[in-house]
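Chemist: The sequence shown lines up with residues 20 to 748 when you count with the working numbering.
I should point out that these hints are in silico values taken from the structure, not numbers from a laboratory. It is possible that some hints are incorrect.
Below are the DSS-like pairs computed for lysine-lysine, each with C-alpha atoms no more than 27 Å apart in a straight line [unchecked claim]:
no., residue 1, residue 2
1, K428, K292
2, K507, K292
3, K390, K513
4, K557, K390
5, K428, K321
6, K292, K557
Values in this document were obtained by computation on a predicted structure and should not be read as measured data.
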Amino acid sequence: MENRRRTKRPPKREATSLKERKARLRLRLVLGRSIYALIVFGLIFRLGYIHINHGDQYAQQVLRSVSGTAKEIEAIRGNIVDRNNKVIANSIITYDVILSPYALLNQSTELQRDRTYQELALYSGQAPEQIEEIAINNPNSYYRVFLRDIPMEDKEMLEAKGLSGMYFEPSFIRNYPKGVFAAQLIGFYNAEDQGQYGIEQFYDDYLRGEVGRIYPQLQTGGIIMTQVESPINGDTIVLTIDEIIQQYVEQVMYKYIARLEPLNAAAIVMNPKTGEVYSMFSYPEYNPQSYNNLSSQLGSSKWEQMTYEEQIAQLNWAWQNYNIHNPYEPGSTFKPIMMAAAMEEGYLQSDFRMTCTGSITISGTTIRCWKTSGHGTQTIDQVIANSCNPGVITLAQRMPNSEYHDYMKWFGMGSQTGIDLPAEAAGTIHSLSSFGPIEKATTAMGQTFLLTPMQLVTAFSAVINGGYLIEPYVVSQIVRADEGVIFKNQPSVKRQVVSQETSKAITLMLEKVILQGTGGHAAVSGYRVGGKTGTAEKGFPRVRGVEIVSFIGYAPLDDPEVIALVIFDEANNSSAASAAPSAAFSEMMTYILPYLGIPSNHATYSTQVSLSTVPDLVGSDIYSAITEIGLNNLDYEIRGGGNIIADQYPPAGTQVPISYEITLYLQSNDPTSLVKVPNLIDMNIEQAQQLLGGSLTIEGATSGRIINQIPDPDVSLDRNTKIIVQTVP
20 MENRRRTKRP PKREATSLKE RKARLRLRLV LGRSIYALIV FGLIFRLGYI
70 HINHGDQYAQ QVLRSVSGTA KEIEAIRGNI VDRNNKVIAN SIITYDVILS
120 PYALLNQSTE LQRDRTYQEL ALYSGQAPEQ IEEIAINNPN SYYRVFLRDI
170 PMEDKEMLEA KGLSGMYFEP SFIRNYPKGV FAAQLIGFYN AEDQGQYGIE
220 QFYDDYLRGE VGRIYPQLQT GGIIMTQVES PINGDTIVLT IDEIIQQYVE
270 QVMYKYIARL EPLNAAAIVM NPKTGEVYSM FSYPEYNPQS YNNLSSQLGS
320 SKWEQMTYEE QIAQLNWAWQ NYNIHNPYEP GSTFKPIMMA AAMEEGYLQS
370 DFRMTCTGSI TISGTTIRCW KTSGHGTQTI DQVIANSCNP GVITLAQRMP
420 NSEYHDYMKW FGMGSQTGID LPAEAAGTIH SLSSFGPIEK ATTAMGQTFL
470 LTPMQLVTAF SAVINGGYLI EPYVVSQIVR ADEGVIFKNQ PSVKRQVVSQ
520 ETSKAITLML EKVILQGTGG HAAVSGYRVG GKTGTAEKGF PRVRGVEIVS
570 FIGYAPLDDP EVIALVIFDE ANNSSAASAA PSAAFSEMMT YILPYLGIPS
620 NHATYSTQVS LSTVPDLVGS DIYSAITEIG LNNLDYEIRG GGNIIADQYP
670 PAGTQVPISY EITLYLQSND PTSLVKVPNL IDMNIEQAQQ LLGGSLTIEG
720 ATSGRIINQI PDPDVSLDRN TKIIVQTVP
């Protein structure tokens, strides 16, 4: 057997004595302490050197570092109010709920933590574990926004619970308590903290104020203190708009919009002497409170089915203010402006006569009158009353091209009016080099050039106010806290275009349009008024039936105090469209003139308008709401389906004229169960019950002929809802 080689193990060391081990340990301790002392001494020496030679430099670096985290203090955005200081837009204080995970995990007991998680979960609808996870995942954070914009009453409720590891920061949200009221005029405050469109944009620098800041400061001894620079809150913008007039204009416009279903609609009410705008309306509508969502206007289903691009296009359309952003061909409403120019230069005299055969030929081009059989021989009063195209063209051809073109510019065509609103369009007119006989003829009819509704109102005002082209404005003054009025708008005259004599003659002449011509629907009981109708085909080439219909008028005739323009663009119901602007004007002026205290021609005609206060109807059932509306001498319109009032316009507390129409927005728990109410008038109870077929029930009478019903026909209600009827034997 082969011998294996053995490996020797090292010899065992003899056990070290206890005395030796202790000695070595003492030696190590002495050495360690000596080395530590040397290190500490070196650090102290180095820190002393840095402090003496570079202390200021490093202190400033620290200060700059801390200053970089200086906190802004939000300024409160200013209010927008009407001429009577009624709030249209304001800022409401809210609070953000801030979590401090560090405080929760390190400065709170387990019981306190759990209570915070439970209470916040109960308030927010989240699970306690979700809130705990925020703290665990951010253990060193002192600042985590948990909830934004909770109301003050909720903040006070949570604060009273004494929860640990959380606190509140004040914030502000923009509030539009009147909803769609004058939306395009007001504009909105967007998510990027910017005023956009309307007053919110044009006066943004005044409204936003100046943010405050908390600055760290390095004091003697290296202590960092804070210096607070308080915010300066925004100014209050006082409009020339009158809330009551605006509400009434909107009511009238929505009434005709429901009938005509136009693509666009617009209205302006202004003082023709000063340029103060009392009302400005633009359609389609939107709500500044939910400016990027049109589901309420278009219906949730339609809105949600739109592509992103379609939604953006729809929003841009709704945000536009038709009165200043959308130039159009004014049609016959421009004719009095051209006539004033001709009269001023001596081309129009009292003995003017012309014969309308139904058309006129200019440079080989035949231009037809709307009355193809012709108007026959006419005076100038008859030309304007009949809105005769060959008549105004005959007059225009008497003027030299350059002179006619100058008057277009002097009346403001092709230039901004200067109104204090953003992105005003200037319109388009022919250049003088391209302004030939045909262009002169078509512009005399109000075609082949573009102006905005605001341009037309200011130009027409110059015709009736003594000849002065004025600058319109929508803000009367700006008020700053502790300083009072810092800006006050004053009427501004750009130039006098025609003489007072010419102005007076045309002003009186335009009454014939109401009494004998195309504007009969514009008559206002108790007042003499003047004005002009307008119809213009749209597009190039022209599309028959695609038109813009309008009326511009003023009152009182002998000394105009109010001018108003009404426009419906591409109305579906063309048969009713031509008279609608005149009729809408009449309804507006019937209320506006006495409201402004303008005396009528009848001594017995009241100049006082009775007002009623809109009741709070939200949450009521439809029957209670209708009863309450009747008790307040108001009328109503119903939108949507269901039995419960989800919203109303105007809001509760608003002062409105007697018989004002309140819009009620209904909601249903199950929209698929809605049944449309049929017309039961003149039926007996048995016939009505048979027609309803059990889908709705009848209350209020058991026999007789039905003479009244609540709600009105075509309202959608939940199945099995009652209809209240009134009968006679």
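Chemist: Quick one, are K557 and K390 close enough, alpha carbons at most 27 Å?
Modeler: With Cα atoms ~19 Å apart, K557 and K390 stay inside 27 Å; holds.
Chemist: For a C-alpha distance cap of 27 Å, please report whether K428 and K321 respect it.
Modeler: 44 Å, violated
Chemist: Hinted pair, alpha-carbon criterion (27 Å max): K292, K557. Please report holds or violated.
Modeler: Distance ~32 Å between K292 and K557 Cα, so the pair is violated.
Chemist: Does K428 pair with K292 here, judged by a C-alpha cut-off of 27 Å?
Modeler: 20 Å, holds
Chemist: So if I understand the rule, the pair passes when the alpha-carbon distance is 27 Å or less; does K507 with K292 pass?
Modeler: Holds - the C-alpha atoms of K292 and K507 are around 17 Å apart, at most 27 Å.
Chemist: For a C-alpha distance cap of 27 Å, please report whether K390 and K513 respect it.
Modeler: At roughly 38 Å apart (the allowed maximum being 27 Å), K513 and K390 break the hint.
Violation of the numbered hints given earlier is confined to hints 3, 5, 6; the remaining hints are satisfied by the structure.
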